[in-house]
Amino acid sequence: MNLRWFSRLGFLLALAPCFAFAHKASDAFLVLHTHATEGFSGQWDIALRDLDVALAIDANADHEITWGELKAARSTIENYAFSHLALTSGTQACKLSSTDLLVDKHSDGNYAVVRFDAACTPGDTLTFDYRLLQGIDASHRGLLQLVTTRDVQSGVLVPGIIQTISLAAPSRWRQFTQYLHEGTWHIWTGYDHMLFLISLLLPAVLRRREGDWTFAESMPKTLWRVTGVVTAFTLAHSITLTLAALDIVHLPSRLVESGIALSVVLAAVNNVRPLVTERTWAFAFGFGLLHGFGFANALADLGLPRDALALCLFAFNLGVEIGQLAIVAAFFPLAWMLRKTTFYRRVLLVPGSLIIALLAMVWLTERVFDLRLLPILR
Amino acid sequence: MKNASRSARGILILAAMLSGSAFAEPWHPANDNEVIEHIPAGAPRGLALTKSGTREQALAAARANISLGRRYSDPRYYGYAEAELAPWNQKAEDANPSREEVNRANDLDVLNAQILQFRHEFDAARNVLQTVLKRDRDNTQAWLTLAVIDQVQGDYRAARGACGHLVTAGDMLVASACAGGVGGLNGQADISATLIERELARGDASPAPVRDWAWTVLGEIRARQGQLDAAVVALKKALEVDQDDVYARAALADVLLDQGKPADVLVLIGDRRNADALLLRAAIAAKQSGNSEADTLRAAFAERVAEMNARGDATHRRELARFALEVEGDATSALDLALQNWAVQKEPADSWLVLAAAKAAGKPDAAIAVRQWIIDNKLEDVKIHALMEQLQ
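Protein sequences, first through last, are from chains A and B. Heads up, the first sequence is in my numbering, so the first residue is 422 and it goes up one at a time. Heads up, the second sequence is in my numbering, so the first residue is 518 and it goes up one at a time.
Because the hints were derived from the structure by calculation, they are not lab data. Backbone N, C-alpha and C fix where the C-beta goes; we use that ideal spot for every residue, glycine too. Do not take every clue at face value.
Cβ-to-Cβ under 8 angstroms is the rule here; a few derived chain A residues that face chain B [said to hold, decoys possible]:
1) Arg470
2) Ala477
3) Ala480
4) His484
5) Trp488
6) Thr520
7) Asp525
8) Asp529
9) Val534
10) Gly556
11) Ile557
12) Ala559
13) Arg562
14) Leu564
Please put together the full structure from these sequences, using the hints given.
Dropping the structure here:
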């Protein structure tokens, strides 16, 4: 017989069936408004129950907190609260001073509403060292709303963890480089765009004569053809990207994505059974329109900031062109050097195009029927 | 994506903040005698004003808080307990501890495990308990807590094994309620109920919380057997032992709802709406009986949901699923939540929710895994089997 255990039986068994219910743990609500010059004004809603656990504000201990008891505890409450919240604007500590004490109702009871000013020069960052109820209630959290003239940021403040929130508007240059990078990245990781371009460029270093391929003699003429194809593709997708990003034209994304896959199939098959050999630029332009809608979908996922819409749209498009030119710059010299070999014509061009066509067929099936067949190369 | 989830959370927090003040601005009460809040009896007071005490005082306070948290179904007490224990958890362990030091470490860890269990961190809780049992195979508190976790997660074999370690500990009602609780879920409902009834009939020798618990387990078995009148009797006995036991009151409310007596549920719950479990049942009962308070109760629960979501609390999916299903009538969301919840806990209430939501959403296939699990584990529950037949 284990006496030590038996003496605690009551406590122990009280726990047994306890797991089932959801509950409301302790939260405080902290709202800060930034002002142009004089720092912040704040409102901090703290549960009256929590204040009693920390500060015993129910002075006569009758399990009822009256408005009189709350008012009498005002300075105690404010001292406790302000010594458990350190706000730092940039590197400057904000001085907190109370402006009012009120009461408000939340879902689990009434709260003391501490209104205050935080005096400090607004900086680029605001750092929260939030420690309300630290060491008293380990599950307490501060739910933060930070309201600036530009937006509203929110967060969950955990006692003991210092959090910094950025207040600076992102610089135009940073936005520009970010969208430039995203555009480039999209071309490099969007295999369908890349394979479309490569399918169009593979035969550019060759000429079609009497039903067979021979190599092109003239470098300037070949370069001109490549430039034509790339420019037509660029022009086309820039037009539709802009139209879609500005919400002027909208196509369903499944249709667009399926069309893009189809364009890759056609471009690749055209290298095996050539139909369009002369005016490939027109082909590039036509399907380029479709690819532009695809870029627009990617841009929509990224989101365009309202205040820098044109800049970011331009940067994204420019990024796409840079990514595309990099592919051409890597492809063209190699193709030019290899163009006379049988390897280029018999291995790269025909079987290579067949593989591309096959892959694009799988994409097409996936996108038309909303399936997932390939684990990679999507 | 990151932006999207951040703004989603922003909306939640905003909703949580506005919900409290949507109808009124903060106010200055008119007179000093106006009561603005009630403080529950037993809650700790003035902790920021007192110095921290000894380890024994901290453990005793944590134990008392966990006990209150369970009775009132109130997570704040678990927060207090966790804060009490935190400084002692950081103390380094001795490389060569004495017997007494081992016992003290075990006392601390069992409390840690009970807090983890409450937060639905079942695997972490189990790890802590296994450490305790490695140090002391006879730690009955650890075995009982482990039995409860195994039972919630549907590992009945392990739960039965853990209950077996309680037989030698003294109080047969503890061992019977533990084993009967598991057996009652796992194909031996009638024997289990009889076993618990017999131990309860021996008299009032066991401490009140043990009797409260045993009556509750018995009531739940009878309810699953469809013996609703017997279930009501047992759960009322539990409430006679401790009228503040939120779990037993919620279980009784569920039986009354099954009996088609929503008006009785509203009387049973009265103004005990601080616990979410009771608020939810009141909202369901009010809706079923067309009570004039139905909208108020629905809004009150939705407001709590918004606040819990804002702080990122995911331990309440069972209640959310039931609210979506029985109050909001949103079967699709209910099914989604019920399946997420079933991945964590597998009590009959959790299985029932998946089946009921799958039926309401017209997606019987979503419940296939749950149905198989119920068959494999021989769960005896007339409500669940009726639903399974309808889903065939």
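Here's how the hints hold up against the structure:
no. : hint   : verdict
1   : Arg470 : holds, 6 angstroms
2   : Ala477 : holds, 3 angstroms
3   : Ala480 : violated, 11 angstroms
4   : His484 : holds, 5 angstroms
5   : Trp488 : holds, 4 angstroms
6   : Thr520 : violated, 12 angstroms
7   : Asp525 : holds, 4 angstroms
8   : Asp529 : holds, 7 angstroms
9   : Val534 : holds, 4 angstroms
10  : Gly556 : holds, 5 angstroms
11  : Ile557 : holds, 5 angstroms
12  : Ala559 : holds, 4 angstroms
13  : Arg562 : holds, 5 angstroms
14  : Leu564 : holds, 5 angstroms
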